[in-house]
Amino acid sequence: MDTSERLVESLENLGVERVFGYPGGRVIELFDHFPDSSIDVVRPRDEREASVMAEMHGRLTGDPGVLVGQGPWIGSLGTIGQMEARLASSPMVVVTEASERGDYSTIAPYQQSRGDYGGLELPKILDAVTKEHWFPRTPTETVRSLQLAFKHAVAGRPGPTAVVLDGNAVTAEMPEDPIPPVWDDVAQTRTWTAAPTARDVATAVEALESAERPVVIAGNGVHAARAYDELEAVADRYDAVVVTSYLGKSTFPETHRLAGGVIGSFGHEGANQVVSEADVLLVVGCRMNPMDTNWQAPEFVRPEEQTIIHADIDARNAGWVYPADVGLVGDAAESLRELAAAGEASNDWAETRAAEARASFHAPECDSEATPVLPQRAAKEISRVVDEDTIVTADSGNNRFWLLNYLQTPAVRTYFGSGGVGGMGWANPAAVSASLATEKDVVAVAGDGGFTMTMTSVETAVEYGVSPTFVVLNDTSLGMVRQMQHAPDDIAGVEFHDTDFVRVAEAFGAEGIRVASGDELADALRDGKASSTPTVIDVRIDRDQDMAKTLQSSFYASVGGLHE
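Numbering (UniProt numbering), first residue to last: 1 to 564.
Quick caveat, the hints were computed from the structure, so don't treat them as lab data. Any given hint could be a false lead.
[Said to hold, decoys possible] Simulated pairs of lysine to aspartate or glutamate, EDC-like, Cα-Cα distance not exceeding 20 Å:
| # | residue 1 | residue 2 |
| --- | --- | --- |
| 1 | K151 | E9 |
| 2 | K529 | E495 |
| 3 | K440 | D63 |
[Unchecked claim] Distance windows between CB atoms, simulated:
| # | residue 1 | residue 2 | range |
| --- | --- | --- | --- |
| 4 | T197 | G102 | 47 to 57 Å |
| 5 | E344 | K440 | 32 to 42 Å |
| 6 | D314 | S38 | 29 to 39 Å |
| 7 | W192 | I491 | 44 to 54 Å |
| 8 | Y117 | S531 | 54 to 64 Å |
| 9 | P488 | T352 | 40 to 50 Å |
| 10 | W183 | V41 | 51 to 61 Å |
| 11 | D519 | A548 | 24 to 34 Å |
| 12 | P410 | V41 | 31 to 41 Å |
| 13 | V41 | E209 | 50 to 60 Å |
| 14 | S38 | Q485 | 51 to 61 Å |
| 15 | W295 | E344 | 28 to 38 Å |
| 16 | A516 | P488 | 32 to 42 Å |
Using N, Cα and C, we set each Cβ at its ideal position, and we do this for glycine too.
Let the sequences and hints guide you as you build the complete structure.
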């Protein structure tokens, strides 16, 4: 067999059920073999959407999402999903090529991405985005590079890896007994799970058992490690309030008796207060970025007064932002399992304080009958249709912050948002990917700006027979940027004309409906979930509801009284 055929065989051996991509360049050689394999090809309308779909697949399943496409476009349009995967710790393998043609690569190259004179340098682009990348030049190197890409995508902190195919090698015949040998695909990609030391676990247990006000901050690392049961076990064993970062939302049911909500600049006032009141903080799989830490407000986290235990897969992250008293370096599930098995404590503070914090999930605006629909009411109606068999994908912009605050997740793995790099247009293709990877109902939520960027995902859903519900919180503008204005019209480029998304949906073969009231939205959401056809719900929201002022006013009120 030739190299391309052997690569497809490797993908089958590694359990890949589907790849996301766009045929072009030398990856056509792989697309030529896919019809004869067990692998399904999902081809959206461009590489941007394919990259997000691959990223979401990895985030949901824990197995690398596979992106396949031509080099110049994987290195441009297709970097969106790769950047999200890098910063959101999603396992992903990219198979691309240099668009060169053997001996012609040094002669006034056309689309050449090898880096020779006159061309582009795809490896430099990949070097800035991926965990690791390879540019093999022989059949043996190529197969081994694909194996290593799968291994490194999941080893340690997950992320994207890439293989750049060489034009000559991809069509060359595989040697029967190569030296060095090519090992079995599964054996070569095997990885091992790291765990913290017994000494560090004992120190952490001692701190948690002596705590009067223990709080756990759960981040995206809990999602990456699928450490949901272990997190709940630690919360119950030590009677600790659990709050989450933005990317950690739905790592813990927000209806649980110990749930306190989402921390950060645009999170819950109650959750922020709980963190400040804690005497012991257990940070799990969270890098504590500036928004999570309220831009490091001195009243929020105070290492000189609080004991900080930081658990992370990467030793560099433990104690990176705030000095840690104890570092638990290893897989989040292993660290939490050790903590749950080694100690136990109770207090009179946690359950009552968590219940008080959860009050932040509701505001009077959530019940408003106003038209246009208040975004708080829209978020609450979305929350009402979310159960343990529903996944919400949230885009970048105001919409995700409304959802952070007013969508109360009833179970783990019910909410995922664009928050690694935080690109607009993420929610739509992510929803299609989630629909393909699971049997759950999926609701994508975006503003009109983000929805329009990737609305061809609706057609992809139709083509591949899945039926997510797409909710457009429509204020005919780039709402977050528009609301940064100090005076009307002092920022250019924030207004859109009124697009008829109902007709757009129908043109793609989906259903579309425009709603103007909270009751209409409730009905449309129920109908959308029940439908076997993708549904686009165009929700006209009150553009005068200022997300930043509404949420930050609560934040500033809370930090003013966080710590005396």
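Now for the hints, and whether the structure bears them out:
{"no.": "1", "hint": "K151 <-> E9", "in the structure": "holds (17 Å)"}
{"no.": "2", "hint": "K529 <-> E495", "in the structure": "violated (31 Å)"}
{"no.": "3", "hint": "K440 <-> D63", "in the structure": "holds (18 Å)"}
{"no.": "4", "hint": "T197 <-> G102: 47 to 57 Å", "in the structure": "holds (52 Å)"}
{"no.": "5", "hint": "E344 <-> K440: 32 to 42 Å", "in the structure": "holds (35 Å)"}
{"no.": "6", "hint": "D314 <-> S38: 29 to 39 Å", "in the structure": "holds (35 Å)"}
{"no.": "7", "hint": "W192 <-> I491: 44 to 54 Å", "in the structure": "holds (51 Å)"}
{"no.": "8", "hint": "Y117 <-> S531: 54 to 64 Å", "in the structure": "holds (55 Å)"}
{"no.": "9", "hint": "P488 <-> T352: 40 to 50 Å", "in the structure": "holds (46 Å)"}
{"no.": "10", "hint": "W183 <-> V41: 51 to 61 Å", "in the structure": "violated (27 Å)"}
{"no.": "11", "hint": "D519 <-> A548: 24 to 34 Å", "in the structure": "holds (28 Å)"}
{"no.": "12", "hint": "P410 <-> V41: 31 to 41 Å", "in the structure": "holds (35 Å)"}
{"no.": "13", "hint": "V41 <-> E209: 50 to 60 Å", "in the structure": "holds (54 Å)"}
{"no.": "14", "hint": "S38 <-> Q485: 51 to 61 Å", "in the structure": "holds (54 Å)"}
{"no.": "15", "hint": "W295 <-> E344: 28 to 38 Å", "in the structure": "holds (36 Å)"}
{"no.": "16", "hint": "A516 <-> P488: 32 to 42 Å", "in the structure": "violated (24 Å)"}
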